[in-house]
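Asker: Residue numbers (the numbering used here), protein chains in the order written: chain V, 552 to 1087; chain P, 552 to 1087.
Treat the hints loosely; a few may be bogus.
Note that identical chains are pooled: a pair holds if it fits in a single copy or bridges any two copies.
Below, simulated BS3-like cross-link-like pairs (lysine-lysine); rule was C-alpha separation at most 27 Å, straight line [as the list claims (entries may be wrong)]:
| # | residue 1 | residue 2 |
| --- | --- | --- |
| 1 | Lys1051 | Lys983 |
| 2 | Lys888 | Lys593 |
| 3 | Lys568 | Lys972 |
| 4 | Lys809 | Lys944 |
| 5 | Lys972 | Lys572 |
| 6 | Lys837 | Lys859 |
| 7 | Lys1036 | Lys1051 |
| 8 | Lys706 | Lys916 |
| 9 | Lys609 | Lys859 |
| 10 | Lys888 | Lys1078 |
| 11 | Lys1074 | Lys1051 |
| 12 | Lys948 | Lys888 |
| 13 | Lys983 | Lys1054 |
| 14 | Lys954 | Lys972 |
| 15 | Lys815 | Lys677 |
| 16 | Lys572 | Lys954 |
Calculated directly from the structure, the hints in this document are not laboratory data.
There are 2 protein chains.
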Amino acid sequence: MMEYPLLLRGILERSRKLFPKKEIVSRDYTGIWRYNYGDFYKRVCRLANVLQEMGIHKGDRVATLAWNNHRHLELYFGVTCYGALLHTLNLRLFTEQLEYVINHAEDKVIFVDQDLLPLLEGIKDKLPTVQAYIVMTDSDELPATGLNPVYSYEKLLAAAPDAFDFPEDLDEYTPAAMCYTTATTGDPKGVIYTHRGLYLHSMCIGLADSLALSETDSLLPIVPMFHVNAWGLPYACTWFGSKQVLPGARPDPATICKLIEEEKVTLAAGVPTIWMAVLAAYRQQKFDFSSVRGFVCGGSAAPKALIKAFDEEIGVPILHAYGMTETTPVVLVSKPKSYMLDWPADQLYDAKAKQGLLVPGLEMKVVDEEGREAAWDGKQIGELWLRGPWIAKEYYKDPERSKPAFAGGWLHTSDIVSVDKEGFVSIVDRAKDLIKSGGEWISSVDLENTIMAHPAVQEAAVVAMPHEKWVERPVACVVIREDWKGRLSEADIISFLEDKVAKWWLPDKVIFVDEIPKTSVGKFNKKALRQRLEQA
Amino acid sequence: MMEYPLLLRGILERSRKLFPKKEIVSRDYTGIWRYNYGDFYKRVCRLANVLQEMGIHKGDRVATLAWNNHRHLELYFGVTCYGALLHTLNLRLFTEQLEYVINHAEDKVIFVDQDLLPLLEGIKDKLPTVQAYIVMTDSDELPATGLNPVYSYEKLLAAAPDAFDFPEDLDEYTPAAMCYTTATTGDPKGVIYTHRGLYLHSMCIGLADSLALSETDSLLPIVPMFHVNAWGLPYACTWFGSKQVLPGARPDPATICKLIEEEKVTLAAGVPTIWMAVLAAYRQQKFDFSSVRGFVCGGSAAPKALIKAFDEEIGVPILHAYGMTETTPVVLVSKPKSYMLDWPADQLYDAKAKQGLLVPGLEMKVVDEEGREAAWDGKQIGELWLRGPWIAKEYYKDPERSKPAFAGGWLHTSDIVSVDKEGFVSIVDRAKDLIKSGGEWISSVDLENTIMAHPAVQEAAVVAMPHEKWVERPVACVVIREDWKGRLSEADIISFLEDKVAKWWLPDKVIFVDEIPKTSVGKFNKKALRQRLEQA
Chain V
552 MMEYPLLLRG
562 ILERSRKLFP
572 KKEIVSRDYT
582 GIWRYNYGDF
592 YKRVCRLANV
602 LQEMGIHKGD
612 RVATLAWNNH
622 RHLELYFGVT
632 CYGALLHTLN
642 LRLFTEQLEY
652 VINHAEDKVI
662 FVDQDLLPLL
672 EGIKDKLPTV
682 QAYIVMTDSD
692 ELPATGLNPV
702 YSYEKLLAAA
712 PDAFDFPEDL
722 DEYTPAAMCY
732 TTATTGDPKG
742 VIYTHRGLYL
752 HSMCIGLADS
762 LALSETDSLL
772 PIVPMFHVNA
782 WGLPYACTWF
792 GSKQVLPGAR
802 PDPATICKLI
812 EEEKVTLAAG
822 VPTIWMAVLA
832 AYRQQKFDFS
842 SVRGFVCGGS
852 AAPKALIKAF
862 DEEIGVPILH
872 AYGMTETTPV
882 VLVSKPKSYM
892 LDWPADQLYD
902 AKAKQGLLVP
912 GLEMKVVDEE
922 GREAAWDGKQ
932 IGELWLRGPW
942 IAKEYYKDPE
952 RSKPAFAGGW
962 LHTSDIVSVD
972 KEGFVSIVDR
982 AKDLIKSGGE
992 WISSVDLENT
1002 IMAHPAVQEA
1012 AVVAMPHEKW
1022 VERPVACVVI
1032 REDWKGRLSE
1042 ADIISFLEDK
1052 VAKWWLPDKV
1062 IFVDEIPKTS
1072 VGKFNKKALR
1082 QRLEQA
Chain P
552 MMEYPLLLRG
562 ILERSRKLFP
572 KKEIVSRDYT
582 GIWRYNYGDF
592 YKRVCRLANV
602 LQEMGIHKGD
612 RVATLAWNNH
622 RHLELYFGVT
632 CYGALLHTLN
642 LRLFTEQLEY
652 VINHAEDKVI
662 FVDQDLLPLL
672 EGIKDKLPTV
682 QAYIVMTDSD
692 ELPATGLNPV
702 YSYEKLLAAA
712 PDAFDFPEDL
722 DEYTPAAMCY
732 TTATTGDPKG
742 VIYTHRGLYL
752 HSMCIGLADS
762 LALSETDSLL
772 PIVPMFHVNA
782 WGLPYACTWF
792 GSKQVLPGAR
802 PDPATICKLI
812 EEEKVTLAAG
822 VPTIWMAVLA
832 AYRQQKFDFS
842 SVRGFVCGGS
852 AAPKALIKAF
862 DEEIGVPILH
872 AYGMTETTPV
882 VLVSKPKSYM
892 LDWPADQLYD
902 AKAKQGLLVP
912 GLEMKVVDEE
922 GREAAWDGKQ
932 IGELWLRGPW
942 IAKEYYKDPE
952 RSKPAFAGGW
962 LHTSDIVSVD
972 KEGFVSIVDR
982 AKDLIKSGGE
992 WISSVDLENT
1002 IMAHPAVQEA
1012 AVVAMPHEKW
1022 VERPVACVVI
1032 REDWKGRLSE
1042 ADIISFLEDK
1052 VAKWWLPDKV
1062 IFVDEIPKTS
1072 VGKFNKKALR
1082 QRLEQA
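Extracted from the complex, chain V is given alone in its bound form (with noise of 0.2 Å):
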């Protein structure tokens, strides 16, 4: 066979070629922009022209901090095929965080939505490596600023030839796109995706067992664009000429709703709490959404509350998945095998709440504190690790804490896992929020799920605290629904756990709270959660 490299300039390609009136939409500041794959593609040549004009070389680290929007997209295509390395910084990293990313990644330009320049004001002084700033604006003028240089990414654009001969002989190794994860302890650690580990990821999701990501589809990825690829779905998208539906800045729940209708959307990808919201818009306004096979959900565990719901009230499945910044991210897809359809509808929840089936392509193992493989019998527990080739091998320029994490050939993952016996994997926790009471194990995943299941709870999450006697115990915070205010008390909660969780789980604590604090993913972030706990 040919060694023919696997390339993200085969994916632009063939969306050039076979998919020229194929739809690109995109939610900018004035208004939708609409253009398609013929389109596109000119103008990521002309993206291509600017960065040789600017002296971009192959392998050098282009930045990018955009919301969901198709200058992003051309960004995602124009820079990696070009042969340089797409940085994707964080909108919500606090400001040392940004300041750190972009100086230990060296970026060379900066191209930064018109109104996101406030973040980049701030630290500008200490941004050595960068050399100029493109400012990404639907308005011919640019915004006041005291970044500098700074450009216009449509006056450099309409300025340049819109044909490029993208190199076809790039290593498949080539680093093509980098993230920082957001630890919550720490200096943010950076992952680099090559274009092999992108274009394997892109054609995993695009299996009739994975996402089955089509021509057919209209996608809107709510999951943001600065994160892990936006879970890959950008470029399969591009590969397989769906429809892509790019909900711009700060989307709320009822433009989403509107997108979905509108556009009709078959499919779209978000954390749980965006689910949690947009559940909470529709049972407000009923949208149409009957173009819709499925909401893809992950970054963390989608309560089964949640699913029964989105399938009882709005007839829509919610496809439950796995991954983290370190693998691309896809991992884990939790569609029932078709024997499993025969099952009892509460049973088949109870799967379909798991993280599910290893895609093809990827190797697991649960290794428990001793290090002997746990057993698939649904109980024991161990922490999950990966090897593939769209795992990470290391952190970039970090060999100290890449070590442990990336020990044997293997990511450690740090999330505790059961597999049951059909190989459906279950996230019982972060190691670091496990909670240890008494020498028993208890699931803070678990038990927020259950309290999630209330229907006058919004949201739950639950911590460890320390303890005299028990060593830990789980103290529970709960969002009531604003409907329900006033009419519950913690006993209500304690009562409807009773028999649903062993007695030792039940939370010592049940605290109401206006919100539990998020990591700038749109997890529960439980570090910031305990401190609030402690100051109390």
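Given the structure of chain V, go ahead and fit chain P onto it with the hints provided.
Answerer: Positioned in the frame of chain V, the structure of chain P alone reads:
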């Protein structure tokens, strides 16, 4: 990303771990054999131990002369995952060709189905590299044979351990399998399939937009496992945990129909002649095909009339695909784009009768006689050139014939095609079968398919005959359906064609024949047909 090699081992291991209960059904000599991926894995391990015991080394050629059955499937994985090279011998080759390919490949052992022993007995003294024959039979006793030394597959397996450590560190470019083309002129040409190529090809045919192979499928490969990896289906099905239904020795159309009905087949794959025979059988007896989601048709062009007949009479879509020995084989799949579904029925049938869209992962070019790229206008024709990770880079040990066929890093397919505005490729003809009449091209394939749309016609093949004035002129050889015999004249065929093709395309002669000669893989053998006509 990890430098994790793409190996068939990963496919095998996934089936064992995730789908141990899923079924493999094989039509054996004594009935239907059933087992599951759990038991399959153990037998594959036993087989690997047998290979080791026999002194097979990495890279050694291990040949099979076998039908589509479970033992052949075990060899597909046991040999390749062990690190040796699976050489599938085409049991329909002429004796001299069989001798040639065994010696050219330097096969070390041959695994042979009991009823195929006679094929080897006649040439056994001319196979210096072959050190052993392993006979595959359900019976306890081996049939009497002059082959020596000879072993029983089942006895060897029974004596071997059922665990094996398949190597994890093979280079992904390691050859895994090989197959010889059934060249109509000269000796057969060998094609090597690497682990990487088979792995990526398997992923490709699992894509929602290609064959969408899935765990939910019950797959019947009628296309032989001795030729081009049975279109890669055995590898892909094992990866995704599909049920496999292997039809065994010499399956006739009624057997195929019965297997589809009884094993609730969802997808089956074969050449057009198979589907013509299945259609004829179905017309005699209405089998229950309600489980079927599609019949994949490749190897030669599927006539539009056949596609329509399956749709209208059976309610099963024909999924048209294209490939060749040198391409693993899937290259094109004719799945209409979403917006084409609004087209008028007849226009949509025209699209489905084309070979279709290039699958993700490959690149193509259509090059005319002057070396220019043909426009995608559905009219200009040229030779189809291909490149990609599952396209051969050369013919095995044959630099002389490799040079023109792989010039410039592209496979020159010798297939003359046109491409329409949607990117759908249409095979006009094999380069050598095109008819050049008065300086203009006539497509023998188009003429055949138009003739086959006549309700009385079972099969039709068109070849060029020399002509003094026009250089070449078309002659049609037609097989009439049983119930129409004696009721159709040459003039009927010509008048049927008159409003369907250009006047100068009308055949100079229509000859009624009892059968069209076929190649060893079921395609029209036009070389043999031309010879017959010349003799007549």
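Asker: Does each hint fit the structure? Answer for all of them.
Answerer: Outcome of the hint check:
1. Lys1051 <-> Lys983: within (24 Å within a copy, 74 Å between copies)
2. Lys888 <-> Lys593: Classified as between: cross-chain Cα gap 22 Å, same-chain 43 Å, threshold 27 Å.
3. Lys568 <-> Lys972: between (45 Å within a copy, 10 Å between copies)
4. Lys809 <-> Lys944: neither (41 Å within a copy, 51 Å between copies)
5. Lys972 <-> Lys572: between (46 Å within a copy, 11 Å between copies)
6. Lys837 <-> Lys859: Within one copy, since 17 Å is at most 27 Å while 42 Å is not.
7. Lys1036 <-> Lys1051: within (24 Å within a copy, 75 Å between copies)
8. Lys706 <-> Lys916: This pair counts as neither: shortest intra-copy Cα distance 51 Å, inter-copy 35 Å.
9. Lys609 <-> Lys859: For Lys609 and Lys859, the Cα distance exceeds 27 Å both inside one copy (48 Å) and across copies (52 Å).
10. Lys888 <-> Lys1078: Answer is neither: 37 Å inside a copy and 48 Å across each miss the 27 Å cutoff.
11. Lys1074 <-> Lys1051: within (25 Å within a copy, 64 Å between copies)
12. Lys948 <-> Lys888: neither (41 Å within a copy, 45 Å between copies)
13. Lys983 <-> Lys1054: Within one copy only: 23 Å inside a chain, 80 Å across chains, cut-off 27 Å.
14. Lys954 <-> Lys972: Close neither inside one copy (32 Å) nor across copies (53 Å); limit 27 Å.
15. Lys815 <-> Lys677: neither (45 Å within a copy, 66 Å between copies)
16. Lys572 <-> Lys954: neither (48 Å within a copy, 38 Å between copies)
Of the hints listed earlier, those the structure fails to meet are numbers 4, 8, 9, 10, 12, 14, 15 and 16, in rising order.
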